[in-house]
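Engineer: Please work from the sequences and hints to get the whole structure.
There are 2 protein chains.
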Amino acid sequence: MDQIMKSYPEKLSRSHIKFLKKLFPDNESCFDDGTLLASGVDASRRHAKPLALVRPKTTQQVSELLRWAQQQRVPVYPRARATNKVGGCVPVHRGVVVSMLGMDEILDVDSRDFVAVVQPGVITADLQKVVEKQGLFYPPDPASLKISTLGGNISTCAGGMRAVKYGVTRDYVLGLEVVLPGGEVIHTGGRTHKNVVGLDLTRLMVGSAGTLGLVTQATLKLLPLPETSASVLIGFENLSGCLQGAEAVFGCGILPAAMELMDHNTLKALEIHSDVPWPEGTGGVLLLKIDGSAQSVAADLGQIEKALSAVHTTFMEQGTGDDQERLWELRRVISPAAFNLAPDKQGEDVAVPRGSVAKAIESYHEIGRELGVTVLCFGHLGDGNIHVSVMYDKLVAGQSERALKAKKEIFKSTLFFGGTLSGEHGIGLSKADYIGMQLADAEINIMNGIKRVFDPLNIMNPGKVV
Amino acid sequence: MDQIMKSYPEKLSRSHIKFLKKLFPDNESCFDDGTLLASGVDASRRHAKPLALVRPKTTQQVSELLRWAQQQRVPVYPRARATNKVGGCVPVHRGVVVSMLGMDEILDVDSRDFVAVVQPGVITADLQKVVEKQGLFYPPDPASLKISTLGGNISTCAGGMRAVKYGVTRDYVLGLEVVLPGGEVIHTGGRTHKNVVGLDLTRLMVGSAGTLGLVTQATLKLLPLPETSASVLIGFENLSGCLQGAEAVFGCGILPAAMELMDHNTLKALEIHSDVPWPEGTGGVLLLKIDGSAQSVAADLGQIEKALSAVHTTFMEQGTGDDQERLWELRRVISPAAFNLAPDKQGEDVAVPRGSVAKAIESYHEIGRELGVTVLCFGHLGDGNIHVSVMYDKLVAGQSERALKAKKEIFKSTLFFGGTLSGEHGIGLSKADYIGMQLADAEINIMNGIKRVFDPLNIMNPGKVV
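Note that the protein sequences, when read in sequence, are chains A and B. The first sequence begins at 1 in the UniProt record's numbering and counts up one residue at a time. The second sequence begins at 1 in the UniProt record's numbering and counts up one residue at a time.
It is worth saying that the hints were derived from the structure and are not from the lab. Here a beta-carbon is modelled for each residue, glycine too, at the ideal position from N, C-alpha and C. There's no promise every hint is true.
[Claimed, not checked] With beta-carbon atoms standing in for the labels, derived distance ranges:
| hint | chain 1 | residue 1 | chain 2 | residue 2 | range |
| --- | --- | --- | --- | --- | --- |
| 1 | B | Arg452 | A | Lys22 | 51 to 61 Å |
| 2 | B | Glu247 | A | Asp323 | 28 to 38 Å |
| 3 | A | Lys345 | B | Asp108 | 33 to 43 Å |
| 4 | A | Asp323 | B | Lys129 | 38 to 48 Å |
| 5 | A | Lys21 | B | Asn445 | 52 to 62 Å |
| 6 | B | Asn445 | A | Lys359 | 44 to 54 Å |
| 7 | A | Thr58 | B | Asn448 | 41 to 51 Å |
| 8 | A | Asp433 | B | Ser335 | 52 to 62 Å |
| 9 | A | Val333 | B | His312 | 47 to 57 Å |
| 10 | B | Val130 | A | Lys394 | 50 to 60 Å |
| 11 | A | Gly302 | B | Asn448 | 34 to 44 Å |
[Claimed, not checked] Dumping the calculated BS3-like pairs for lysine-lysine here, alpha-carbon to alpha-carbon at most 25 Å:
| hint | chain 1 | residue 1 | chain 2 | residue 2 |
| --- | --- | --- | --- | --- |
| 12 | B | Lys359 | B | Lys394 |
| 13 | B | Lys405 | A | Lys221 |
| 14 | A | Lys221 | B | Lys359 |
Structural biologist: The following block contains the structure:
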């Protein structure tokens, strides 16, 4: 690989630029410093400056670009809204950043097939609004859904709060149009909800972070839109109370659409930031959403209340219809509220088996105490995917180093509990040094072998670990 | 590949047999003709005689076997209960059949993690019974579930009737232990419900039909067990009535656990075979199951009845609790009942986009009429996966040829409607000649490339198309 890496161009030649300007006329290609700098950063706050930015409008353009890029060994960095938190969009080996935002059409929404066909630049929330008007439902709901695109969601296998009932992006991708390095266009999967012909290239592409090929179109599975939903916010004295509460709900056979947890440090941050509904003595909160027909939601609410009567709670509040939003607003402001505890944040999105969530969170707190940084845990209890924010002050001597040390300790503890370094965000640049903690060489070798099948010259998002 | 194929041994040498007998003592290895013949057939009724049958009890044995097989270029054919309908288990290049039935332990069922860890030889229905006792639920329900194993289900990505709400086997496999050709043991995925570290090797293995490696352990996702269920059998005048009925149900935001269709020829076969509840003039039947809490199921039943009042039905009958079984018995006896129409059957399991089911089925009937064979369609309307049985009499001159011709025409029509050659059964031997109708060379090349990464000498289930 090293030999190939050396051959990436340091700068574009005149003929390179001529080619790109012809293929991407007018503002479809950019070479000015300001645009290039802006196109080389993502939500990880890491950055690198590419050699060019192009904005394709057609699959044909992408195909010609990838044929050229393969011939010239120019790195290609696909990009949409760059909400990626681990550096997935950063062009570390320069090359060409390919903004997919120009391919942003919803090509088809079919209420009989329960299928939508989209270009990768469509914003997730926009698709959701459009399909909901037809009584249809696209469940994946990453926190970034109002900004991020379906192409980005596919490339990261984005999750979200509804994953506990509805699964993640992987579960809604039926078929893909993918341009391979060299320019060949392949079609994986299809428009049917079931399909077992050939190896599952569709799910192999999902979550591959643009390292195998460039997705130019996706066929997505839709569900019937649940008639209504309701939410319940429940306070407990401590974390293990939350877990007991969660088990009581699952125990009556109800699969909530979302089951979110907030630990005591999260509550503390919210108490400074907002008016909060829970009483003193609340050391952990669960926020549930259930959905279905109006009658079944009412029935499930009754069941949940009954099940929770056997567990010690500090308070409980229900919301239905638009009135739920005030409960979910508390969940949404956690990220900004966290900065009330310290000015700097290092965020992880580990996942552990659901039954180990309480013990894992306790261990993260212990790591924070030992290292003198505040650890705040919240997130998707329903599927064990916990957002762990290490809050610190980089102006205080040694705190940056201690936050970094906490990261490794958090990973160690997560793996001890049978968990994974990432439930949603991926590895990218931020966790590349740690992947060996989770994957064995034999597994990495297989992944590298698959990468070479798709991308023998390593031009697709090079420098990244999926 | 041809060069490698030639080197498969015609027979086992003395030292081969010595090795196998030492690694698999006593009845763990067999070389007698009767056993070998029996171990070379599957539910496709195709057969071939292997050189040996072995029955491993440990991953270590499988690892040593695959190291040896790689060195000696001996084909390895994994097998469990061989309910595969497309020849997936048939040892077409001889070699060693590996029965996984000796590895049949449920290693763990964890009601807090919502996870089961199983060996591949566990029968699917047995796992379901065990987890249900703990209030847990493993949804995949292929028709063979009382016979077939989880290893087999994983290797084929088995579906079933509940796929419309709960998805297929793929959606419940969190992690795998896999022995690779050469003997290396890898672990894919893990015990967490979310995991985006590395390429998705887990889903790549699911449905790969033993062509990439041999699964020796699986970690499966469980759900909370729904409190109860109810079923509704609804008659319509014709196929398009069935589709309207289905749309009315989906339209009120209800996702049934199962939504099965029976066409007029299926009804005819059942009428000869059983007492049937529908009146004359019924030309299509829907059979639905809904599940959830007792109250929500009651609520949903009311909603469904209301929704269907807007559609012309010929009759409707509900069943709850054990009383549902008599309705499902009708669905279960379709396969034997079909032989009332003709003595021979050629079965396909195509899938089309849900909205095209009626038109596709009409086209299959038309193909039957033109070729003088009876076509009977039933199956999973909810996900567009239709079982198409061509009933014929091979003793009548020309009928076998016409059935075979019907197969190709059915595939053509399916693809015309945006469908797939297989929703559940896979390609195997039976459809190997047709895969080029659906997949382009570029896609097949990528799949072959991935195969070579895992299995460079093509010893895993050689001769099969996934």
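Engineer: Hint by hint, say whether it matches the structure.
Structural biologist: Each hint, compared with the structure:
1. Checked against the hint of 51 to 61 Å, the C-beta distance between Arg452 (chain B) and Lys22 (chain A) comes to roughly 38 Å, which is inconsistent with it.
2. As the Cβ distance of Glu247 (chain B) to Asp323 (chain A) is approximately 31 Å, the hint placing it in 28 to 38 Å holds.
3. In this structure, Lys345 (chain A) and Asp108 (chain B) meet the distance hint of 33 to 43 Å, their C-beta atoms being roughly 37 Å apart.
4. Checked against the given bound of 38 to 48 Å, the beta carbons of Asp323 (chain A) and Lys129 (chain B), roughly 43 Å apart, stay inside it.
5. One distance hint, 52 to 62 Å for the beta-carbon pair Lys21 (chain A) and Asn445 (chain B), is violated here, with the actual separation near 33 Å.
6. Checked against the given bound of 44 to 54 Å, the beta carbons of Asn445 (chain B) and Lys359 (chain A), roughly 47 Å apart, stay inside it.
7. A beta carbon spacing of about 29 Å between Thr58 (chain A) and Asn448 (chain B) contradicts the range 41 to 51 Å that was offered as a hint.
8. For Asp433 (chain A) and Ser335 (chain B), the Cβ-Cβ distance of about 56 Å falls inside the hinted range of 52 to 62 Å, so the restraint holds.
9. At roughly 52 Å, the beta carbons of Val333 (chain A) and His312 (chain B) sit within the given window of 47 to 57 Å.
10. The hinted range of 50 to 60 Å is satisfied by Val130 (chain B) and Lys394 (chain A), whose Cβ atoms lie roughly 52 Å apart.
11. Checked against the given bound of 34 to 44 Å, the beta carbons of Gly302 (chain A) and Asn448 (chain B), roughly 56 Å apart, lie outside it.
12. Simply put, Lys359 (chain B) and Lys394 (chain B) have alpha-carbon atoms about 28 Å apart, too far for the 25 Å limit, and the pair is violated.
13. In summary, the hint linking Lys405 (chain B) to Lys221 (chain A) is not supported, as the alpha carbons are separated by about 33 Å, beyond the 25 Å threshold.
14. Restraint check for Lys221 (chain A) and Lys359 (chain B): the C-alpha separation of about 21 Å stays at or below 25 Å, so the hint holds.
When each numbered hint is compared with the structure, violations occur for hints 1, 5, 7, 11, 12, 13.
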